[in-house]
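From first to last, the protein sequence lines are chains A and B.
Start counting at 1 in the first sequence, then tack on 14, and there's your number in our numbering.
Start counting at 1 in the second sequence, then tack on 14, and there's your number in our numbering.
Honestly, the hints are just simulated from the structure, not real lab data.
Keep in mind the model is a prediction, meaning the values are calculated, not measured.
Among the hints, erroneous ones may be present.
Pairs involving identical chains hold if they fit within one copy or between any two copies, as the list cannot separate such chains.
Below, in silico cross-link-like pairs of lysine-lysine (BS3-like), each with a Cα-Cα straight-line distance of 25 Å or less [unchecked claim]:
hint, residue 1, residue 2
1, 325, 180
2, 312, 35
3, 325, 303
Number of protein chains: 2
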Amino acid sequence: MITKEQVLHALSFVEDPDFKKDLVTLNMIKDVEITPNRISFTVELTTPACPMKDHIEHACRNAIAHFVDKEIGVSINMTSRVMSKPDKQLDNIKNIILVASGKGGVGKSTVAANLALALQLKGAKTGLLDADIYGPSLPMMFGLEGARPKASKTSDGKTKIEPIEKFGIKLLSIGFFTDPNQAIPWRGPMVSAAIKQLFNDADWGDLDYLVVDLPPGTGDVHITIAQNYPVAGAVIVTTPQNVALADAQKGIAMFMMDTIDIPLLGIVENMAYFTPAELPENKYYIFGKDGGKHLAEKFNAPFLGELPLIKSISDAGDNGYPIVTDEDEPISKEFLIIAERVAQQLSLQHAN
Amino acid sequence: MITKEQVLHALSFVEDPDFKKDLVTLNMIKDVEITPNRISFTVELTTPACPMKDHIEHACRNAIAHFVDKEIGVSINMTSRVMSKPDKQLDNIKNIILVASGKGGVGKSTVAANLALALQLKGAKTGLLDADIYGPSLPMMFGLEGARPKASKTSDGKTKIEPIEKFGIKLLSIGFFTDPNQAIPWRGPMVSAAIKQLFNDADWGDLDYLVVDLPPGTGDVHITIAQNYPVAGAVIVTTPQNVALADAQKGIAMFMMDTIDIPLLGIVENMAYFTPAELPENKYYIFGKDGGKHLAEKFNAPFLGELPLIKSISDAGDNGYPIVTDEDEPISKEFLIIAERVAQQLSLQHAN
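Okay, chain A solo, but in the shape it has when bound (with noise of 0.2 Å):
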């Protein structure tokens, strides 16, 4: 009869390539039953969007064979439980994600609510607050013009707003609570006085990531949410326009700075180029090439991702529903990396 110990040994042999360590040591391996003819158990990694799910899979079926017996079979459950450094977490949500540009018009909503969806797929339990007071583009993205979120009272009697759910995540806007044709001429201490309601008055209930759409620039809701609340990491989102670069180089040293240090998760590309669909072959780099790129190898981050300028993209998020909701779209796909991507980098950062 196979041991316990043997299926631990033979694990122990396969590492997490992100961590550099084997999963035994890690403690992911749970569970291990063993029956004559079966050997089951669970790999809980550090995030539902890991992307080297399949590969750590593998590689577990791989070890088994090898070190313990080549004809048994084997069960293996994949599960996370999404990692939060203790510091860093606001009441049940694990991490808080910022999207922010420097620049605005650089398609950092679009990244926004594709990069919680995209972590939603993947499944992990996601919201997304619409931070951006000026301009909230959230509530037509999504398809939610219109839309009033409930108010309930928790058991100690406080009023609590209950985000919208939509596609499986949890949704707040400053828009929902705004007529969309007025104007929102706010100074800056009742900017940050609404964005502190969001955060604190919203029952976000438990969750993995909170996706946070900044507004462009480096303001008072930038610094409100920086002073208050434990960010888990930023990702920069620009085009490869020198002028969007230069504000996205703000907006990276505003993060870098002693006062606020929020660590970098690393860049996004949007924009990149355009392929006429006549002309498929074709990349017209329209606002110049690799510009993100540099930039991430600047600052020395990761970079997630270079999305292309494609009318669906920019169709969908007018029509009511982000691309990635759209399986069967080509460019869906690319999210779903840079969303591994994110999750990946949070893991790591907790790691180290």
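Assemble the complex: chain A is given as a structure, and chain B must be docked to it using the hints.
Okay, now just chain B, sitting in the frame of chain A:
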């Protein structure tokens, strides 16, 4: 001998198509001189960027030929004196024009820079103030990275900032006073103080037009300028994308508020379509079609023009010269037309 009265009688049949009155009633005819062989006079328009300039000159020649003498030589000196509403003038700045967008990244700074230069090319004394505190792009667009304005003492002992001159216009940007690699994590009151310095402590001299490039949104900068300075009107820049239009609408709503009340000069649609060099007949409406036009119709505002997504516009800005400085570029003509329409709208505002 022809009399001055005969000349003025003839010219009283020439109507200014914008003001719907004749040139004599409008007091636009100056310095009439008559010799046996030649009639000379000056037509003083309300802006050097008058789109009707050629039309009016032609109509004057026809009127003289028809009502006075078919054979006599006619010399017309077309000049202008830019108008300003007395309560809308700041020191020697006749017209403050805001360029706003609601959403960032729609090409607001590109439009502001090319609009200012186009007004100058038409003969107006023009300044450009980059009020985009968090993402100043003027230094890069004008090839002035690292430039520092000089300070000078006025006769009453005050220190004045000297705007930098390039391509014939006066320029100031918060970017001239900050390190481009550093973020500007400023809360509202500091932003307002910086904006007031750029307006009040700068030696702008005599200007027909001061174009102000606003940050995206409807925040501290907008409120500070609207409450403290006599603004002649605002130009709204948008892309045809719904999310951009929604934010543009918020911007318009702000200008229309009773407490702000800034006239809308019109709407510019940017990134309207893309045309690859290999398919010059094709227009790819990547962000949707005619969104800016529909917005203009909705608010009964002039549609000032439609600009395609062109690599040379982006390249020019990245390389230190706004595209309108290159008169061989076909798109430069579009910017000149937009500038004429803006100047025309201002003249009409002042006349009403």
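Now the hints, each set against the structure:
1. 325 with 180: Cα proximity of residue 325 and residue 180: one copy only (23 Å, versus 38 Å across).
2. 312 with 35: neither (29 Å within a copy, 62 Å between copies)
3. 325 with 303: both (19 Å within a copy, 11 Å between copies)
Against the hints set out earlier in the document, a violation occurs for number 2 only.
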